[in-house]
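Enquirer: Chains as they are written, first to last, in our numbering: chain A, 1 to 437; chain B, 1 to 437; chain C, 1 to 437; chain D, 1 to 437.
Hint data in this document are derived by calculation from the structure and do not stem from the laboratory.
Since this is a predicted model, take the numbers as computed values, not measurements.
Glycine included, every Cβ here is placed at the ideal spot set by N, Cα and C.
Don't take every hint at face value.
[Unchecked claim] Which stretches of chain B does chain D cover? Using the computed rule of at least three CB atoms under 8 Å from a CB of chain D, they are: (1) 217–224; (2) 228–242; (3) 338–349.
Protein chains: 4
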Amino acid sequence: MAYFDTIPAVKYEGKASRTPLAFHFYDPEEVILGKKMKDHLNFAMSYWHTMCAEGVDMFGVGTVDKSYGQTDPMEQALAKAEAAFELMDKLGLQYYCFHDRDIAPEAETLTETNARLDIVADKLLELQQKYGKKVLWGTANLFSNPRYMNGAGSSNSPEVFAFAAAQVKKAIEITHKLGGQGFVFWGGREGYETLLNTNYKLEQDNIARLFTLARDYARSIGFTGPFYIEPKPKEPMKHQYDYDAATAIGFLRKYGLDKDFRMNIEANHATLAGHTFQHELRVSREEGFFGSIDANIGDMLLGWDTDQFPTNAYDTTLAMLEVLDAGGFTTGGLNFDAKTRRPSNTFEDLFQAYIAGMDTFALGLRMAAKIKADGRIEEALAAKYAGWSGELGQDIQSGKLGFAELEAYALGKGNVSTGSGRQEYLEAVLNDVLFGA
Amino acid sequence: MAYFDTIPAVKYEGKASRTPLAFHFYDPEEVILGKKMKDHLNFAMSYWHTMCAEGVDMFGVGTVDKSYGQTDPMEQALAKAEAAFELMDKLGLQYYCFHDRDIAPEAETLTETNARLDIVADKLLELQQKYGKKVLWGTANLFSNPRYMNGAGSSNSPEVFAFAAAQVKKAIEITHKLGGQGFVFWGGREGYETLLNTNYKLEQDNIARLFTLARDYARSIGFTGPFYIEPKPKEPMKHQYDYDAATAIGFLRKYGLDKDFRMNIEANHATLAGHTFQHELRVSREEGFFGSIDANIGDMLLGWDTDQFPTNAYDTTLAMLEVLDAGGFTTGGLNFDAKTRRPSNTFEDLFQAYIAGMDTFALGLRMAAKIKADGRIEEALAAKYAGWSGELGQDIQSGKLGFAELEAYALGKGNVSTGSGRQEYLEAVLNDVLFGA
Amino acid sequence: MAYFDTIPAVKYEGKASRTPLAFHFYDPEEVILGKKMKDHLNFAMSYWHTMCAEGVDMFGVGTVDKSYGQTDPMEQALAKAEAAFELMDKLGLQYYCFHDRDIAPEAETLTETNARLDIVADKLLELQQKYGKKVLWGTANLFSNPRYMNGAGSSNSPEVFAFAAAQVKKAIEITHKLGGQGFVFWGGREGYETLLNTNYKLEQDNIARLFTLARDYARSIGFTGPFYIEPKPKEPMKHQYDYDAATAIGFLRKYGLDKDFRMNIEANHATLAGHTFQHELRVSREEGFFGSIDANIGDMLLGWDTDQFPTNAYDTTLAMLEVLDAGGFTTGGLNFDAKTRRPSNTFEDLFQAYIAGMDTFALGLRMAAKIKADGRIEEALAAKYAGWSGELGQDIQSGKLGFAELEAYALGKGNVSTGSGRQEYLEAVLNDVLFGA
Amino acid sequence: MAYFDTIPAVKYEGKASRTPLAFHFYDPEEVILGKKMKDHLNFAMSYWHTMCAEGVDMFGVGTVDKSYGQTDPMEQALAKAEAAFELMDKLGLQYYCFHDRDIAPEAETLTETNARLDIVADKLLELQQKYGKKVLWGTANLFSNPRYMNGAGSSNSPEVFAFAAAQVKKAIEITHKLGGQGFVFWGGREGYETLLNTNYKLEQDNIARLFTLARDYARSIGFTGPFYIEPKPKEPMKHQYDYDAATAIGFLRKYGLDKDFRMNIEANHATLAGHTFQHELRVSREEGFFGSIDANIGDMLLGWDTDQFPTNAYDTTLAMLEVLDAGGFTTGGLNFDAKTRRPSNTFEDLFQAYIAGMDTFALGLRMAAKIKADGRIEEALAAKYAGWSGELGQDIQSGKLGFAELEAYALGKGNVSTGSGRQEYLEAVLNDVLFGA
């Protein structure tokens, strides 16, 4: 049965195409820098936004129906799974990402909820084999249920902690069973509403404990993939502990979790934290925590997570440059944690949005490769820091020179200057690459 | 004498060029939509940033020397004028914009300051004729002198108001003498630091009075050009009265100044007010106040006026689309109210920055024209609002239907829906235009 | 039947009280500046947050049950009405505010929906008489139903406009029937998601048309109260037309609606627009549009409408100072458009939150009156602007002096200065008032 | 010679006083929680803002003259030193903080600059003894000189690094000579303008090297005080590496600097990073890095460092609560890194501003002590987390329970809930403390 029968399989038609439901820039089989585009990009569908979200916002009900012709919750879940694979198939998405509660609806008891998960997981496994799709990562939704209103790992209640642990355990098992390449923690409720009622230290320690238990359990059942922290500074809480990459990395190192955890960077979360997308990727890469990406874009003038499909080629170019500089994805990929605007309320809009996002990241990959071929940005960078390869630079870095020697050097010099940063030139080079011949 | 002798005249070399000091996208003579690029764009040099600003910021002194080989203030001013025209000439800028205090340094008394202005104005007039350049607009700096610390038109002191009036009078005269096409008011100190010490009504009335007096005086001496308000929400003050275009337009209408005043929209001011550049242009255009543009870009993650050279082709495309939809510039143009980053401290950086800005707006113009030729965005817009051309739409607009008739209609209908906004499709079309064949 | 039977009627116990469910600062009968506190403050309950909202956010389901023991929607609505009056009674709230859809659930057809409204309205009228409560204002919810996803008055579809008109008509009738003192328009969907698909002019004109029709209809049925615009810059839309007070006032003047419309200022909307609460009240007051207030507080570090109960006495003091300077409320009041944080999930929290809000505004009123009695701020203000009462100031304001005379004055003066703004002193005076003897 | 001869020595007059130049809340000798107020608060004067800054901003020149009657730079520096101690003496400030370049003007060469520093340091030492004042901390200005435009420790040039090292060496020596209790690093240029030209890893490593060299050198000459990092996210750079406390602490731990470095938290920097002042103090305290405070306040609606004098008693109460919970200051204190608004341009304004700031922190201390005496907030906190003291909580924390046991527990439970966060109640308690009897 087809759920999107008016939508064709989406093909690459090239940059002169005006067909709405075709790729104009994303050619999955095209080889760039020795690898197919599809293998550079590892596109994934986000189960929650794509299959479940109906356009509800804080001021309005849904504008699109995602019941897939069913009324019973479990029938809906199974139909949704079928629809998901039809969508992935038509769009040529190789991967998907899910929360436990996206794929199967929560029941009255955890026992029953887990039973439902098993049923849907079997269905998903069957569909994965049928369509040749894979799980990029799974995760546990530790934020929707009222019991998590004060946090999950950071809850004030150890009973809630126990439920969180039980839920993560099951989600890891399901992810492992489905061959998931990674497991994500997004701590939407791990934070505070007000410091007046918050025991910061206890909460930090307990989150670390939950992560440690998760890591140990996963390894014990043979799951070898990375865990990812997905930093977000705020929303839904006033402040969330995984504020940004630097904060999350500092936390992982403090608690000895740095071997097993990497970053899952989301563009919109980056900007909410006051950083660019590129910044968060750069920090992750340079600190050795590059992992996976939630591909979307925020609205720089709005203060909440708009999770728009990424359509800005500057952003995707700079992001893909970081991905290339990190050596490409290993277990990670580009998960479209994105939704259509509320008034884009047709399935055609949904496909169109995925196409827009995939095309924009394909543009980003092409442009990033072109930047490398162009060489001007790399040359400018090398020239700027050339002094550090010279004798003085080497002697400082090797520890040969202490304050006394450096002072003597400076006193003998009179004055020194440092070359131009050449920012505007580099921005023009970027435009050359994007729009030039 | 040449001030920028290492810099060649900048030529258009086309989009395959890698020459740093050449235009890659801006071809002044190329005809687009029946008009030369240079006449679409009316590029102007900002005298203050370009000729005067040395890279000072709140935490550091200048990084570039703009004394033009002179130590005496008036010698410096005259050398600066020569350098300005050399720069405009080499970059092919047809226009410049200035504050009174940029072109001639303030002296101990207003009498002497005015005398200095006359001397430099004569020099500028001579240079204009020699080089064939024009003044896009002039303005009076009513914010640097300590006397304006509590405002100029909005000062708590009528004596300060008198000084502001005298200064504006002279600036209008100089602008008129130099054939300036317009006159700008940027009210950097017209606002408040705290409402605790502010008489809002008196200040509003007095600003309107200053504008009225300026308008009347200008007309009396034969100046027929428009006045422009340049909205900015804050910085240097905590709150400035010309917050954004909507606020400024409301003010002009209230005080009967709407015939003589238009908007000078600055991209960076728009974003500081929480709006996009496109939004401020749209409001100005649709309300009948489109005038001129301060072409720069801000940093969306920084909360002050960074005045960067515009290098984002999405922004310039959407801006030029508004300009085209407004019928193009009449007296206005694109003034680069922009400065190089502090570490971009060479004259080469300065030229490079202008090239980057001019090329990016040339790209914007090309792309805006391409959007019009493409037609898809216009078609989608027409389709979306089609109902308003139908009978019901016409009858509502003509006032034929009152609440009773509309209620009867609705009660009879059961329910209605409205079509998708198609945002993601339109964003993909935009990328098609920018990056497609 | 009591819905809040564990909650006592809340009494004033004075500032030494530690009773959680008692007022510590709000003494309804205490006379301040010749008027009882309750008559200064005109506190109102917001039906939506208080009676309906269950703690749902974008990442989680409800944490508190507001079904009032009923499952049938209309039974729930009627129980909710009873509970509402019990709550108002126990808190001593004299007023309430409502959207049509808060008081009665929407049905399949507009006809049926209207019938439901009539039933609940009769019930409310009965309860009003029983408890002696009044409607501060009513409004129509033109944002939740999917048909309004592209706007109501500003919809791309005239059919949707007709539904909006029908809904406003009915809401006005209900408000009038219930003796409502005013009628509010909050244009949560009157704006855009992207300018790419927006006809700004048509949308503006149509909103004005809807307001005009509403005004004319209301007057025709004898409703003489004011209409209020409630400015909000964004959320749920990317941009909303009623951005702030200045924008809304400009709009009302342009379309000739300035006689019948006033402002309903919300603290949290003010800060989202980049303004202080005090600023928006000041603009409204000085422009002659002071009307009513949505009393809440936002989180200055969060970019969405948190609608927290107001608990900051600086804010309420400065707000009440504006209210006093406006001559107090006539038809308006302080409506608590506020909700408890999601983890504050008991009815006790709800009452506690109202008490906190009422006490904080009572503090604000006391302090504002104390500022007036103190006199220091007023004195400083008078001293600062004293020059405008002198000859020069009067001659400028009367139009006696033109640019020529003002220039002559300035040239003759040499230089002038203006006195200190004394901001820090005034802030210290404010602390004296709040914390001094 | 007196520089502020119209200003009297400022005395405590109590909360009924209306004398502008008197303390209304700060009674230095009053004992609170067993310690004098002055010893709780350790107030310090910031040499730069107070003695040097003349009201310059990006759009205007100075409004107040701080040449202290001298024209020669060194004469000015010596007069400034005398004036500084007069001011400290009159205000009863026990401490001051300085940058090397505040106390002595930079000369042509580093040799001469250092000689100047020695002269002024001798003068300061003499004045310290005369007046009984102390240095809270010293620091090196590594941001004003053009050579640091690309960073100091993070410069692209090793020659600049050498100058930074030489400057820090001398600044440590001077600080040590003057008996300074600590040494601060504020990395205003340690960051980037654009990632396009930035080698993040090299820059991070080099900053760590500079800190390590500084630490080692300081210990070698007998300086035993702490080093402080002062986090700031941006301004003057687009991004600074010491973004916030969490980032800086992560950095210190990574590079093995966590034993010698603590945080110097500034309120205005906290809010620029998207955090509350209280948050940054809480993080510093709970992570073991509490050190010192730069006492000021920002404007939550402005995006740059306004460095206003602190006048909000909520902020100072919550800050002092963290200070008390940290056990009070040891080597640190409250440094007023604050300036009067530009139109507050008299020395009386300056004194008034200090009084406002000191009174507000005195209020904060009184209120924080009152919160502890009141007990309600602490009780609510204990009740909220009570479960973690129970058996389940203890067994989780001790590591006794793994995922299997926790799952078994959860499966057996059915469901659990967690108590209300009681935010509104706690906010009301805070108001009780501030405004109650």
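Enquirer: Each hint needs a verdict: does it hold in this structure or not?
Expert: Status of the hints after comparison with the structure:
1. Only when three residues or more bring their CB closer than 8 Å to a CB of chain D does the claim for the segment 217–224 of chain B stand; here the count is 0, and the claim is violated.
2. Check on the segment 228–242 of chain B: 4 of its residues sit with their Cβ under 8 Å from a Cβ of chain D, so the three-residue criterion for coverage holds.
3. Proximity of the segment 338–349 of chain B to chain D, defined as three or more residues with a beta carbon under 8 Å from a beta carbon of that chain, is established by the 4 residues found.
Going down the numbered hints, you'll see the structure goes against just number 1.
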